[in-house]
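Participant: In order, the protein sequences belong to chains A and B.
The first sequence begins at 10 in our numbering and counts up by one.
The second sequence begins at 7 in our numbering and counts up by one.
Calculated from the structure, these hints are not laboratory results.
The reader is advised that the hints may include incorrect statements.
[Stated by the list, open to error] Quick look at which bits of chain A chain B covers, simulated, 3 or more residues with Cβ under 8 Å: (1) 134-148; (2) 151-163; (3) 271-283.
All residues carry an ideal CB built from backbone N, CA and C; glycine is no exception.
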Amino acid sequence: MIWRFILKRILWMVPFLFAVSVVAFLLIQAPPGDYLTTYIAKLGESNEVLDQASVENLRARFGLDQPLYVQYFKWVGNLVQGDFGMSFEWRQPVSDLVWGRMALTLMLSFATLLFTWAVAFPIGVYSAVRKYSVGDYIATTIGFIGLATPNFLLALILMYVGVVHFGSDVGGLFSNEYANAPWSWGKFVDLMQHLWLPVVVLGTSATASLIRIMRANLLDELNKPYVDTARAKGLSEFWLIMKYPVRVALNPFISTIGWVLPNLVSGAVVTAIVLSLPTAGPLMLQALLSQDMYLAGAFVLLLSSLTVIGMLISDILLVLLDPRVRYE
Amino acid sequence: MSKATETDALDDPQSRELPADAHYHDAPALEADERPDRVAIASQWQLIWWSFRRHKLAMVGLWVIGLLYFVALFAEFIAPNDPTQQNRRAVYHPPQMVRFLDIREDGWSIRPFVYEMDRQRDPETLAISYVPSGDKIYLRLFGRGEEYKFWGLWETDIHLLATVKPRDNFFIFGADRLGRDMFSRVMYGTRISMSIGLVGVAISLVLGITLGGLSGYYGGRVDAVIQRLIEFVLSLPTIPIWLALAAALPPSWPIYQQYFVITLIVSLVGWTELGRVVRGRFLAMKNEDFVIAARLDGASERRIIFRHMLPSLTSHIIASLTLAIPLMILAETSLSFLGLGLQPPAISWGVLLKEAQNILTISQAPWLFIPGAFVVVAVLAFNFLGDGMRDAADPYEH
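Full structure from sequences and hints, please.
Facilitator: Right, here's the structure in full:
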């Protein structure tokens with residue numbers, strides 16, 4: 010039963026991923042002109058001129074003269090074999106550029122997810138159990154402000170506080186001496202010292218909405234008769250809440266992987282640009298601006314796939330943890 | 007309200023118009039116009055308004071948004087200066103507080119003024135700083151300043167606040183790196199940022215109602231296809247997609263064309279939530295008595311949808327729209343901040359925040375954050391308003 014569901018759900022991903030790849034391809038084709046136009050314009054700035062013949066020559070070499078669908082199938086065909094094409098700008102295989110940054114993006118998103126859970130869970134439970142208390146109002150207010158503040162603004166403000174009040178530059182993920190060093194314990198510690206800022210910046214809005222959801226769900230449960238029964242039987246208040254209503258209200262936490270992940274990935278792009286993190290965001294922006302299509306396409310595709318996979322994981326977890334979902 | 011009347015109200019269709027008298031028992035402080043006899047004949051919109059205004063935060067949100075749209079409408083009048091006018095003598099001029107109580111040696115009076123700041127250059131570091139000179143710059147309400155064309159229709163030079171001496175300058179929110187008046191710029195930015203939300207929402211409204219309505223009304227295969235589409239759009243990480251779309255805009259386009267395309271891009275995401283709301287309501291309403299009655303009466307499908315179903319959805323739709331606007335404001339701000347949204351001669355909150363990108367700049371001129379405060383306040387206000395409207399959308403619910 011469960012296995013059939015999981016299998017079905019995995020099969021569903023195929024058309025989804027196909028659609029994602031079409032969207033990614035169309036998006037990077039959307040700008041008027043292609044990489045060569047940008048390249049020629051760049052050469053023009055330094056007073057170099059390419060003659061028509063060599064432009065055509067280059068165009069043919071990059072395959073830019075073929076019809077769209079041919080370019081698409083070539084691209085996807087290579088993708089399936091793990092070949093993301095060449096970056097025009099960097100003159101390197103895209104896969105060399107992409108994976109390191111995607112790994113850091115994934116790690117950042119995962120750390121943020123953990124942070125979000127760790128903060129939102131106790132606050133959400135507290136807000137619901139002590140409804141309309143001072144703490145509840147504070148949590149609600151902070152939550153609202155967290156929802157309303159764009160990621161980049163929060164990043165800027167924290168950077169401002171860091172520079173003005175603590176006199177330290179808080180951008181980046183590594184200190185200079187570790188940036189290009191191989192992985193070691195020292196580098197890991199250094200990473201952790203830098204990681205908290207982007208995690209807080211990214212996690213705030215998700216935490217805020219998760220607190221609201223947790224509070225609302227738990228409030229719905231707290232009035233149900235089974236809670237009264239447990240209380241009448243003399244269960245301690247703490248265990249009573251943790252054991253029954255909280256477990257029921259926990260579903261949104263698991264489904265967060267599905268809906269928070271697209272937001273995290275989105276937010277990570279902007280935040281990374283502001284904080285100059287070596288994740289996918291800055292390189293993708295640069296690739297988009299210079300129409301380095303294979304590189305940009307790989308990022309759009311991988312980031313979108315990441316969220317699709319996140320949804321799959323959360324759906325499977327939900328079914329494993331909550332038998333009610335299975336039979337819907 | 008007792009249990010008995012509650013079930014009565016549910017059973018007897020006649021009394022479904024009355025349950026607002028539940029409020030009569032629940033709420034001790036009752037507005038004069040909410041007496042039960044008036045509730046009985048109140049229209050649906052009156053009931054919605056009555057239940058909405060109990061929501062204190064939502065009322066605050068309503069006022070704040072009203073104020074912001076007022077600013078957006080009358081930006082030229084409220085802004086004391088031309089927002090594009092550069093002033094080399096006022097680079098990074100700090101904000102000045104407008105004071106009203108003017109105490110002089112010969113007595114006091116109430117009139118608006120600011121303290122003048124003198125520009126000084128440190129002889130060693132050459133750093134520029136501003137020091138109060140002790141002189142006052144007097145201001146006048148509805149005074150005369152620069153000429154402008156109000157709404158592009160008629161020429162005038164009256165501003166909300168203007169200096170008494172035309173050569174003086176004042177900077178309520180400080181000045182940016184070119185000495186442009188931040189206050190005027192934020193006021194003009196309000197116009198674009200606040201209207202992008204409205205236009206974007208109008209576009210998502212069309213998409214959301216059409217697709218959500220089709221999905222909910224016909225169900226079956228249409229529903230399945232549209233639901234998959236919505237799921238797909240929701241699973242896409244928005245910012246990378248927006249970035250890719252916005253990167254396709256040639257920067258040489260005129261402002262209004264950029265504006266329209268950015269709005270379109272931003273609204274591509276907003277419609278999904280609305281589509282879901284409309285679908286859910288249509289599904290629930292499809293088998294309601296009044297819809298079946300209309301169908302049995304031989305009403306055409308178009309008439310059933312537009313005449314019978316949509317009107318009872320309006321309040322829900324307005325609430326969802328209100329909650330969609332802040333997302334669009336945030337989206338435009340992020341895009342413009344990254345340099346992929348509106349381009350500099352245009353002024354929006356995001357474009358203004360772009361000036362605050364550099365950490366050295368903002369440690370020198372923290373007032374460049376002010377547009378950010380406007381973003382946060384506007385988004386909060388819309389969220390409060392939308393929450394209140396969602397709660398009030400169905401006045402018969404309780």
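Participant: Now look at each hint and say whether the structure bears it out.
Facilitator: The hints, checked one at a time:
1. 134-148: Contact hint for the segment 134-148 of chain A vs chain B: violated, 0 residues under 8 Å.
2. 151-163: holds (count 9)
3. 271-283: Since three or more residues must qualify, the claim that chain B covers the segment 271-283 of chain A holds, with 9 doing so at under 8 Å.
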